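Number 44 in full-length UniProt numbering belongs to position 44 of the sequence shown; there are no gaps in the numbering.
Hints were generated in silico from the structure; no laboratory data involved. Careful, some of the hints might be misleading.
[As the list claims (entries may be wrong)] List time: in silico EDC-like cross-link candidates among lysine to aspartate or glutamate, alpha-carbon distance up to 16 Å: (1) Lys61 with Asp40; (2) Lys61 with Glu29; (3) Lys221 with Glu236; (4) Lys95 with Asp22; (5) Lys226 with Glu250; (6) Lys61 with Glu21; (7) Lys61 with Asp86; (8) Lys226 with Glu236; (9) Lys94 with Glu23; (10) Lys42 with Glu29; (11) Lys88 with Glu2; (12) Lys61 with Glu2; (13) Lys94 with Glu21; (14) Lys88 with Glu23; (15) Lys88 with Glu119.
Every value quoted in this text rests on a predicted model; they were computed, and no experiment measured them.
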Amino acid sequence: MELSVSSREPTLNVQLWKSYEDEMSIYIENPSGNRIGPLDEKLGPQRYRLGNTDLLIYYGKPGPYHLTQEIYIDFLPGKTYVDSGDWKIILSGKKVRGGEYYLWLPGGNTLNRGTGFYEPRAYGTLTIPATARRVIAVGAYDSLVDSYADFSGRGSRMLPYLKPDLVAPGVNIVAPVPGGGYRTVTGTSFAAPFVSGSAALLMQWGIVNGNDPYLYGEKVKAYLRKGARPLPGFEEYPNEEVGWGALCLENSFPK
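Let's have the full structure, built from the sequences with the hints guiding it.
Below, the structure is given as structure tokens:
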């Protein structure tokens, strides 16, 4: 994978996720063509120097709730900035069973313009806590044109279960603001409240009104999934973009 590092980048962190069972050699090459590797596949930190950049690499272990392994690669300046130019992260399979791997860079405009992967893809961008099994993970779509919102995080096959669960309106939502008044907002943070309100109405119907006294957690999720409607452009459901479809509370009440 080729990684472009722009000038005057003070530090950089890359996270590599893979199946713990997969064994692969990792090499890192700097813009001058100098290379380190294969890295030692041992848990804990390792430190190397390439040009004027120090590389701090940490091999993690599976967590209590997942089977994946996270490998941190920190680019630290030997002087003031990380060496700019085209870096390469090279993976060479040794004993591969699944073969899925994902790499992430920090988001939120924390990196300089021009720093990023040359061929990024959006799958695997759905993050904690939406990756938890028992939550209702909500993506966003544009309800004005009935299309998927491209900023919404996507699931991946590395998760043992499919996420997100469904999508809700998250583009150009009119919302109240502190101090009074309204403004137009966009984001998955504004899609999630639609599903939260729908879950509350389902629980009122079931528990408060006595129609389904044991309507909790996973049962609410099941009703919302079943009631979700398809969006144009998707033939297979569920999928990593919109899950089981778009929120439709009317269809979610059991008949």
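Each hint, compared with the structure:
1. Lys61 with Asp40: holds, 14 Å
2. Lys61 with Glu29: violated, 25 Å
3. Lys221 with Glu236: With Cα atoms ~20 Å apart, Lys221 and Glu236 exceed 16 Å; violated.
4. Lys95 with Asp22: The given pair, whose Cα atoms are some 6 Å apart, holds under the 16 Å limit.
5. Lys226 with Glu250: Holds, at roughly 11 Å.
6. Lys61 with Glu21: Holds - the C-alpha atoms of Glu21 and Lys61 are around 11 Å apart, at most 16 Å.
7. Lys61 with Asp86: This hinted pair is violated, its Cα atoms lying about 29 Å apart.
8. Lys226 with Glu236: holds, 15 Å
9. Lys94 with Glu23: holds, 5 Å
10. Lys42 with Glu29: violated, 20 Å
11. Lys88 with Glu2: Within the cut-off at roughly 5 Å; holds.
12. Lys61 with Glu2: Violated - the C-alpha atoms of Glu2 and Lys61 are around 26 Å apart, more than 16 Å.
13. Lys94 with Glu21: holds, 11 Å
14. Lys88 with Glu23: violated, 19 Å
15. Lys88 with Glu119: Between Lys88 and Glu119 the Cα gap is close to 12 Å, so the pair holds against 16 Å.
The structure shown violates the earlier hints numbered 2, 3, 7, 10, 12, 14.
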